[in-house]
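Assemble the complex: chain S is given as a structure, and chain G with the ligands must be docked to it using the hints.
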Amino acid sequence: MGAIYIMWLREVKRYFRSRAQVVVSLGQPTLYLLALGFGFGPVFAKAGAGNYLQFIAPGVIGMTVLFSSIFSGMAMLWDRQFGFLKETLVAPVPRLNIILGRTLGGATVASLQGFLMLIVCLIAGFRPVHAHAAGTPGSHNWLAVPIAAIFIGMIAIVFAALGASVGSTIKDMQGFQVLMNFLVMPIFFLSGALYPLKNLPKVLSWITHGDPLTYGIDGLRGVLIGSWQFSFKWQFNFMLDLCLLLALAAIFLSTSAWLFSRIEV
Amino acid sequence: MIRVENLTKTFDQFTAVNDITFQVDSGEIFAFLGPNGAGKTTTIKMLTTLLRPTAGRIQLDGFDPWVKQREARQRFGIVFQDPSLDNEQTAYENMELHGVLYHIPHRVRGERIEQLLRLFELWERRNDYVKTFSGGMKRRLEIARGFLHTPKILFLDEPTLGLDPQSRNQLWTHVKALNAKEKTTVFLTTHYMDEADRVAHRIAIMDHGAIVAIGTSAELRARTNTDSLEGAFLALTGTSLRDEAASSTDAIRRFAQMWQQKR
Ligand SMILES: Nc1ncnc2c1ncn2[C@@H]1O[C@H](COP(=O)(O)OP(=O)(O)OP(=O)(O)O)[C@@H](O)[C@H]1O
Ligand SMILES: [Mg+2]
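Chains as they are written, first to last, in my numbering: chain S, 1 to 265; chain G, 1 to 263.
Bound conformation, chain S alone:
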C-alpha cells in the first residue's frame, strides 16, 4: 500500500510543481476547440447537424485526457534515462504496486487536466444539456458533469495503463517518436472526437470501432450533451461504453504489470 501511495504522490506532486506545463498542455486542445469549433460551426449547422462547438467539446476534453495520461506512462522513459527507474526496480515491494502507483498517479493528473479543459470549454460557451430531437440543445443539465467524471477517469486509467505498457517496452527517444506518430495520433483522429461516426465508409467505421478512445468519447459526449434517456446522440450506450472501458483498463493494467515485472537494465 505504501509503495502505491508514494509512487502516486510522486506523479501528483510533479504535476502541481510544473504549473507552466499545465497551461501549455491545455494549449493544443484549446486551439482545436476554438479553431475547429468556431471554424466548422457554420458548415455543421448548415448541414443540420446542430452546434459543432457543443459536439467537439467532449472530444477535446477526451483529447486532453488521452495525451496527458498516455504521456505520463511514457514518462518512464525519462526515469530510465535519468536512472531513477533502477531505484524502484530493486525495491522490496511487488513491481505490480510500483506500476499501479505510477499509473493511478498519471491517471489522476490526466483527470485533473480533463476537468480544467472542461472549464475552458464552459468559458468558450459550451453547456452540458439535455438533448432534444434533431440535436437542438435543450435545457442545461449540470448533473451531467459528475457523471462525465466517470468517463474522464476511465479514459485516464485506460490510457495511463497503455502508456505504462509502452513505457516499459521502449528504451529510447526514437521509439517514442515512432509511437507518437503511429499510436497516439491515430487513436485521437480515429476516435470520433472531431466528427460523428455515423455514415462513415465501411473500413473506416471498423477501424474506429477498434479504437479504445471511441468508447470514452462516446460516453463523454453521450453524458454531456446526449442525456441518458435519449439514445440518438449516443453511438453506443452508457453501459456498453463503461463496460468496454473497464475491460480495457483491466487488460492494459495487467499488460503493463507483466511488462514492468520483466524489465532488466
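Please keep in mind that the hints were generated in silico from the structure rather than gathered at the bench.
Mixed in with the good hints there might be a few duds.
[As the list claims (entries may be wrong)] Below, a list of computed lysine to any residue pairs in the SDA-like style, where the Cα atoms sit at most 25 angstroms apart:
1) G:K131 / S:R14
2) G:K68 / S:Q177
3) G:K68 / S:L259
4) S:K46 / S:A35
5) G:K152 / G:R125
6) G:K152 / S:G2
7) G:K68 / S:E264
8) S:K13 / G:R109
9) S:K13 / G:R125
10) S:K13 / G:W123
11) G:K131 / S:Y15
12) G:K138 / G:K68
13) G:K68 / S:L9
14) G:K181 / G:H208
15) G:K131 / G:T90
16) G:K131 / S:L9
17) S:K13 / G:G110
18) S:K171 / G:W123
19) G:K131 / S:V24
20) S:K13 / G:F133
21) G:K183 / G:F22
For chain G with the ligands alone, coordinates are given in the frame of chain S:
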C-alpha cells in the same frame, strides 16, 4: 552471506561474466577490482535482481534472489554506478520515498533520514531539488539513501566516482564504522587501489569476465611478487587498455540493436 556458483551472463554472443564462483562471509568487506568492461557491474546487477543470469546460482543471506525476490531485496542496499535519484524531488523526498519502499516505520523514518542527511552534510540542503545539486552532493545522497534501511548487505558500485578526496575519505570512514557496528557485509567495486587496500578484507580481481585471483591484499602482493596492490593488479591483468576491445564490441552491439529496431 553472498554465495555465487558458476555465474555466467551472455549478451547475444558476448560473454560479460564467465563462470565465476566466490563467497563473501558475513560482516566482510569484499572488493571487486578489474579493468573497464571486466564484468563487475554486470555481476552486481545479477546479484541485485536487475539482470537475469544466463547460468549459475546465487544466494544472498540464504535466499535465491530470483526465487525469493522480495526477501532478498529487503536485505541489500545498493549504490549504483550510474545516477539513480529523482531529480524532480528534493533530497528529503528522495529519502522519504526510499524509506516507504523499504517499509521503514513512520516513527523512525524521519529520525533516521535526519541522522543520515546530517552525517553526509546534506541536511541544510534537504528541501532543495536534487537537480540543483553538484555531482558530489548527488553521490553523497545516493550513499546516504543506500544506508537508510540498514541493509545486511551493501553493494557499492564505484561509490567514490566523482567525489573529492575529503568526501572519499569520509565515505570509507562511514562504511567501516557501519561494518564494525552493524556487521554489514559490504561488496564494493572501485578503480582506486588505495581504497581497496585500506578498507577491504578480501579482494577479487576480475578480468574479461573471469576472476583471476582472490585473496587479501597481502596475499595478492605475495603471489605476484610486487610490493603494492597496484603492482599486483597490473601483474594480474596486464597493462594494455581494455576500453578498445570493449568499445568495439559495444559499437557492434549497438549497431546490431539499431538494425533490429529498424526492421
Ligand atoms: N546490456 C548489455 N548488452 C550487451 N553488453 C553489455 C551490456 N551491459 C554490459 N555489457 C558488456 O559487458 C561487459 C562488462 O560490462 P560491465 O559494465 O559489467 O563492466 P565493469 O567491470 O563494470 O566496467 P567499468 O569498470 O567500466 O564499470 C562490457 O564489455 C560491456 O560492454
Ligand atoms: Mg561498472
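Verification of the hints:
The straight-line distance between the Cα atoms of K131 (chain G) and R14 (chain S) is roughly 14 angstroms, inside the 25 angstroms bound, and the hint therefore holds. For the given pair, K68 (chain G) sits about 38 angstroms from Q177 (chain S) by alpha-carbon distance, which is inconsistent with the 25 angstroms threshold. The straight-line distance between the Cα atoms of K68 (chain G) and L259 (chain S) is roughly 19 angstroms, inside the 25 angstroms bound, and the hint therefore holds. Simply put, K46 (chain S) and A35 (chain S) have alpha-carbon atoms about 18 angstroms apart, close enough for the 25 angstroms limit, and the pair holds.
Between the alpha carbons of K152 (chain G) and R125 (chain G) the distance comes to roughly 28 angstroms, so the proposed pair goes past 25 angstroms and is violated. Note on K152 (chain G) and G2 (chain S): the hinted pairing holds, with a Cα-Cα distance of about 22 angstroms set against a maximum of 25 angstroms. Distance check on the hinted pair: K68 (chain G) and E264 (chain S) sit about 17 angstroms apart at the alpha-carbon level, within 25 angstroms; holds. Restraint check for K13 (chain S) and R109 (chain G): the C-alpha separation of about 20 angstroms stays at or below 25 angstroms, so the hint holds.
Taken as a hint, the K13 (chain S) and R125 (chain G) pair is honoured in the structure, with Cα atoms around 19 angstroms apart against an allowance of 25 angstroms. At most 25 angstroms may separate the alpha-carbon atoms for a hinted pair to count; K13 (chain S) and W123 (chain G) meet this at roughly 22 angstroms. Restraint check for K131 (chain G) and Y15 (chain S): satisfied, since their Cα atoms lie roughly 17 angstroms apart, inside the 25 angstroms limit. In summary, the hint linking K138 (chain G) to K68 (chain G) is not supported, as the alpha carbons are separated by about 31 angstroms, beyond the 25 angstroms threshold.
Between K68 (chain G) and L9 (chain S) the alpha-carbon distance is near 28 angstroms, which puts this suggested pair outside the 25 angstroms criterion. With a C-alpha separation of about 36 angstroms, the suggested pair K181 (chain G) and H208 (chain G) falls outside the 25 angstroms cut-off, and the hint is violated. At roughly 8 angstroms between alpha-carbon atoms, K131 (chain G) and T90 (chain G) fall within 25 angstroms of each other, so this suggested pair holds. Between the alpha carbons of K131 (chain G) and L9 (chain S) the distance comes to roughly 19 angstroms, so the proposed pair stays at or under 25 angstroms and holds.
The straight-line distance between the Cα atoms of K13 (chain S) and G110 (chain G) is roughly 20 angstroms, inside the 25 angstroms bound, and the hint therefore holds. Simply put, K171 (chain S) and W123 (chain G) have alpha-carbon atoms about 35 angstroms apart, too far for the 25 angstroms limit, and the pair is violated. Of the pairs offered as hints, the one joining K131 (chain G) and V24 (chain S) holds, with about 22 angstroms between alpha carbons and a cut-off of 25 angstroms not exceeded. In summary, the hint linking K13 (chain S) to F133 (chain G) is supported, as the alpha carbons are separated by about 20 angstroms, within the 25 angstroms threshold.
Between the alpha carbons of K183 (chain G) and F22 (chain G) the distance comes to roughly 20 angstroms, so the proposed pair stays at or under 25 angstroms and holds.
When the structure is compared with the earlier hints, violations turn up for hints 2, 5, 12, 13, 14, 18 and for no others.
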